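Full structure from sequences and hints, please.
Protein chains: 2
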Amino acid sequence: MGTVRRPGAYVCGVDAAMDVIGGKWKVLILWALGQRPFRFGELRRELPGVTEKVLAAQLRELEADGIVHREEYDEVPPHVEYRLTPRGVALNDALGPLGAWGKAHVIEGRGASAAAGQVGEDDDVALVTGAA
Amino acid sequence: MGTVRRPGAYVCGVDAAMDVIGGKWKVLILWALGQRPFRFGELRRELPGVTEKVLAAQLRELEADGIVHREEYDEVPPHVEYRLTPRGVALNDALGPLGAWGKAHVIEGRGASAAAGQVGEDDDVALVTGAA
DNA sequence: CGGTATCCTGGATGATACTG
DNA sequence: CAGTATCATCCAGGATACCG
Chain X
1 MGTVRRPGAY VCGVDAAMDV IGGKWKVLIL WALGQRPFRF GELRRELPGV
51 TEKVLAAQLR ELEADGIVHR EEYDEVPPHV EYRLTPRGVA LNDALGPLGA
101 WGKAHVIEGR GASAAAGQVG EDDDVALVTG AA
Chain Z
1 MGTVRRPGAY VCGVDAAMDV IGGKWKVLIL WALGQRPFRF GELRRELPGV
51 TEKVLAAQLR ELEADGIVHR EEYDEVPPHV EYRLTPRGVA LNDALGPLGA
101 WGKAHVIEGR GASAAAGQVG EDDDVALVTG AA
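Chains X and Z supply the protein sequences, listed in that same order. With UniProt numbering, letter number 5 in the first sequence gets 5, and the count goes up by one each step, no holes. With UniProt numbering, letter number 83 in the second sequence gets 83, and the count goes up by one each step, no holes.
Keep in mind the hints are simulated off the structure, nothing from the lab. Only a predicted model underlies this, so the values are computations on that prediction, with no experimental measurement involved. Mixed in with the good hints there might be a few duds.
A pair counts as met if it fits within one copy or between any two copies, since identical chains are not told apart.
[Said to hold, decoys possible] Derived lysine to aspartate or glutamate pairs resembling EDC-like cross-links, with alpha carbons at most 16 Å apart: (1) K53 to D93; (2) K103 to D19; (3) K24 to E52; (4) K24 to E61; (5) K103 to D65; (6) K53 to E42; (7) K103 to E75; (8) K103 to D74; (9) K24 to E46.
Have a look at this one:
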């Protein structure tokens, strides 16, 4: 098996959560939708490198897991919007501390002290914009 | 690419953290070592299904990421102990909310709710609109 | 006991083309 | 615009055997 998915037999909550966010692009999708709703094409542009097929697949899974809601507007140029469900918002919130940890210990503090306590959590929306 | 590892180019802290805990057995290893130090064989028995090769690989990665500490006692028969570093403890703590979420929303609160795209089960609160 | 060394597989991911 | 359909690829993870 390539990846994490472990149907059913969860050992703990983290294990179960990993099954939901384990896709390669899922946390980025979560992150983006945490800012605001996105249309399919917007989201695609927001995640440089993802293909339509994969983005659609990940969105379907997140939808099936009750994390994102897909709203289809019946308009002439098709219009679909994705947004977080309450459950998705809760998940995003639950990821806050993990994000803070990653920012402090992986991105910035390769050698920084493992100081406990709070790390400034500033949601500066900087999805891949510049580089990439 | 097969899985998540995305060297260097992290978009956010969660993304970076996923790189550290993305292995199939890593969160379980974290979970176990969160209780107490383990010897290699003990750990192996603690994670039914893992092979020596994979367990060793995941432990080496966690060690390289500064999450676990490997202590080798110069004895006969060989004796090695793995334990969390302070950074590993911090990571484990940061995973707390995620574990709670997974337990509540995936393990317990699911049923078919997750499937079929049904969303309104949590509450009828309007899906998150705007952002920020 | 605590690992390495090889070989192999499966499925997530990627590229490309096509459609309502 | 928002996808689906196919086919190709890559590599984490698994099986097995052997070593200090």
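For each hint, the structure was consulted:
no.	hint	result
1	K53 to D93	neither (28 Å within a copy, 35 Å between copies)
2	K103 to D19	between (22 Å within a copy, 12 Å between copies)
3	K24 to E52	within (14 Å within a copy, 26 Å between copies)
4	K24 to E61	within (12 Å within a copy, 19 Å between copies)
5	K103 to D65	between (27 Å within a copy, 14 Å between copies)
6	K53 to E42	within (15 Å within a copy, 42 Å between copies)
7	K103 to E75	neither (41 Å within a copy, 39 Å between copies)
8	K103 to D74	neither (41 Å within a copy, 37 Å between copies)
9	K24 to E46	within (14 Å within a copy, 28 Å between copies)
Consistency note: the structure conflicts with the earlier hints numbered 1, 7, 8.
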